[in-house]
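Colleague: Protein sequence lines correspond, in order, to chains L and S. The letter at position 101 of the first sequence is residue 101 when you use our numbering, and the numbering goes up by one with no holes. The number in our numbering is simply the position in the second sequence, starting from 1, with 1000 added.
Treat the hints as calculated values from the structure; they're not laboratory data. The beta carbon of each residue, even a glycine, is placed where N, CA and C say it ideally should be. Treat the hints with care, since some could be wrong.
Said to hold, decoys possible - Restricting the straight-line Cα-Cα distance to at most 27 Å, the calculated cross-link-like pairs of lysine-lysine (DSSO-like) are:
1. S:LYS1296 <-> S:LYS1378
2. L:LYS200 <-> S:LYS1296
3. L:LYS200 <-> S:LYS1377
Unchecked claim - Covered, in the sense of this in silico footprint (three residues per stretch, anywhere, with C-beta under 8 Å from a C-beta of chain S), are these stretches of chain L:
4. 11-18
5. 31-41
6. 52-60
7. 170-183
8. 189-203
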Amino acid sequence: MTFAYFPGCKAPFQLSQYDSSTRAVLGRLGVGLREMEFGCCGYPARDRDGLAYLYSSARNLALAQEAGLDILTPCKCCFGSLSKAREYMAGDSRSAEQVRQMLASEGLACREDGIRVRHLMQVLDQDVEGDGLAAAVTRPLEGLKVAVHYGCHALRPARLTQLDIPANPTIFERLVILCGADTLDYPQRLECCGNPLYSKNRGLSLALTERKLDSARQSGAGLILCACTYCQIQLDEVQWQMDGRLGAPLPAVLLPQLVGLSLGCPPSELGINQNRLRPRAMEQFY
Amino acid sequence: MLFRMSLLLALAVLATGLAWRAWTWFSRPVGTTGPQTGPGKRLGALAAGLWGGLTSLAGLRKLAGGFFLDGLLQRRLFRESPWRWAAHQAVFWGFVLLVLFHALQSQITERLLSGYYSTLYPYAMLRDILGLLVLLGLAGFAWRRRSQPLARRSTGWADVAILALLGLIILSGFALNAAKIISPTRFAEMVTEYAGLSPGPELTSLQTYWQQNYGVVFAGERLPVDPAILAQGLEAHQSYCKSCHSQPQSALGSWGLSRLLAPAAPSLEALRAAHWLWDVHFLACFLALALLPFSKLLHLVTTPLSLLVNGASGVTSVQEGAAPPTPARAARRALDLTACTGCATCSQHCSVLAASQVVAGDLALPSYKLAAMAGLKKAGPARLAAIREGADLCTRCQRCTRVCPAGLDLQDLWQALDQEMEALGQPSVFEAARQAFVDRRKANGASAAAPLRVAGEVQAMGVLDMALQRGYFRYCFQCQTCSNVCPVVVCFEHPGQELGLLPHQIMYSLELGLVEQAMAAAMTWDCVTCYQCQQHCPQGVPVADLLYELRNQGFWLKDGKAQARPGEGACA
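This is chain L alone, in the form it adopts within the complex (with noise of 0.2 Å):
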């Protein structure tokens, strides 16, 4: 199978250990990535401008229409918000044909049937071919205590983003086992990181996180796993430079970091030493 390939704007330059990681475990895999010249998807202009968000998001589904491949993208926001446009973009609301007729001066169209959008986590879990990623796991990282972080944009509104049961889903967990580790519930699991307040109200932005990370580190977790470039910069980045100040360290990593060791790449493959907090319940894997 062969995705077009959509890392956000985020991941190649703030969080290249995601970008690495993911082309990594999906090269192993044998899933395809074509690259391709996309924009923006539009997530962070929709607190702008609805227009500017559907036209962002909606050329890039174009685009890959065109080349007649479905996308495959690791962030989350990227995910919800190129979803959300393919729905929108079914409908008939002034917007949306404004952006047919803005596509249609370029030559391009977004057809209703056309590609579908997926975030990694559901290639992991259904478009693996063969076996799928339990074959191909060599590595079982047996004794490993994760707490999943699922975030929102790609699991909320259920209806328009089709990840998975809203008020329950277990697709993240299910790939955690298949790896060989174990997953710990908690009462902030399916709650915010805080990520898209952050420059706009610092000190709720950091409760949020604050409240997750405790939420996560009463569970007895070693590590929180995210699946989100946004999350994953909220919970490593921003809570290192809180320095402790947002409680004991509770490292993050990301979810094709852990899945590619559970199949054997080398931690340096998988940008390990990128992460700023330093995942120890994950080194005896090495």
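Knowing the structure of chain L, use the given hints to seat chain S on it.
Modeller: Coordinates of chain S only, in the frame set by chain L:
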């Protein structure tokens, strides 16, 4: 006399201009600076960097890579577009070789090659080829600026003027050559200087020979052609001319042009074209020299510098609240601001190019931002706000930096731009909107009961257009589930006081048409977009999306003015 004086003047202007530019690289503050980034420190950093580069194998490799691969072979440009690379290489090598071996022929070529005369084969031909190469490249530049939409939009009079000046240099060179080829006055001058012939059969035969074989157009009737006369002319030619003159036909451009001009030869003679074309030619060259420090031509100096420095700087830090830049980075920023060639490659690939067509406009694009940074401190409030709005749209994806053919560290400049905006007290678009609604309302001491009046039409229903939202807030039956799952509400002991209105109250405000009131609630601006409200609403009210749209409308309505979105009426 004119030649010497204008050359000296041009060189003086060039030297002064370059010195001034170099001074700015070592002194100009860009973004946050501290005492560690003054001129002395920057010079020290430069010296240290050079020393490190020259005294380590890795450093030498980086410098060599920067110089040869990026500087001479222009690898970055090749990656962007082989066609553009070809055009640029043509202009680059054409000009470099013309300067070295034609302009500086007395200093360089004559010393390297014994028996060199510019009128000999193959030198005349090579010079012509180089000139044609430059013209071809310039035509390529002009073609791109006309046909590529973004390049076309960002082409200004300065870009056209430089292209025209370079074209003038080359074309005047060809014209000069052509005029000299056909000029009998020139012929007579050369005869006086090198043959010393007085009018007579030998002179006539030489003239005939040159008319037939070298393209001179003598005034009056064409000289009669006769094999015997030509044979005599050939002898004279071999005595006096041959050692310095090969036939000009190999110089295709000049020869071709001379044939085109031949019919007008008498007029050209009367106008002394061969004489003043020379003035035009060297004056154009000297003008380019003098303009170099003050125009895009500066990139001849700054681009190699930028590329040389490139390998060493490493990953740019984008951490918030980062310490002031190192002296090296401070110098780099100042250099980069003068090093843009205005090619707009960055803007062509900008991730927010699409979004910028709806909001923020061209100032969201890298090449425009860079140009705006130069005049930031002199910008008025409206301009500053527009620049800020453009800067806010940027997602810091770094693609502009990766594609810049001149190797500028644009990503770092955007951090500097943010810092300069902060220093100038220009709030972000978000902050400005929040101030306009929430803070102003709090300052006015208005209670939640009194609606805030905002000048301009706000249509409560028509505002909210996205497919799933049209009037859907009407379905809200005030179960308060949204407010109870909201993670922001939970952060406060008295959320009503802190946030103004809770989510369910905002929904009801919309039902009552109190849109302005909803916008004045802190909750609207403090929403973290987690979509718990929308997910849990038993009535399917898209609460989070409605809050998004309230913010969108707030941006358009801040300052109390109804601002029309481009191409639509107010509050479309």
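Colleague: Now, for every hint given, state plainly whether the structure supports it.
Modeller: Hints and how they fare:
Using a Cα cut-off of 27 Å, the hinted pair LYS1296 (chain S) and LYS1378 (chain S) holds, with the two alpha carbons roughly 22 Å apart. Under the criterion of a C-alpha separation no larger than 27 Å, the hint pairing LYS200 (chain L) with LYS1296 (chain S) is inconsistent with the structure, at around 39 Å. Under the criterion of a C-alpha separation no larger than 27 Å, the hint pairing LYS200 (chain L) with LYS1377 (chain S) is consistent with the structure, at around 26 Å. Only residues whose C-beta sits within less than 8 Å of a C-beta in chain S count toward coverage, and the stretch 11-18 of chain L has 3 of them, enough to reach three; the restraint holds.
Only when three residues or more bring their CB closer than 8 Å to a CB of chain S does the claim for the stretch 31-41 of chain L stand; here the count is 4, and the claim holds. Counting residues of the stretch 52-60 of chain L whose C-beta sits closer than 8 Å to any C-beta of chain S gives 6, which meets the bar of three, so the coverage hint holds. With 0 residues carrying a beta carbon less than 8 Å from a beta carbon of chain S, the stretch 170-183 of chain L misses the three-residue requirement, and the given coverage is violated. Counting residues of the stretch 189-203 of chain L whose C-beta lies closer than 8 Å to any C-beta of chain S gives 8; at least three are required, and the coverage claim holds.
Violation of the numbered hints given earlier is confined to hints 2, 7; the remaining hints are satisfied by the structure.
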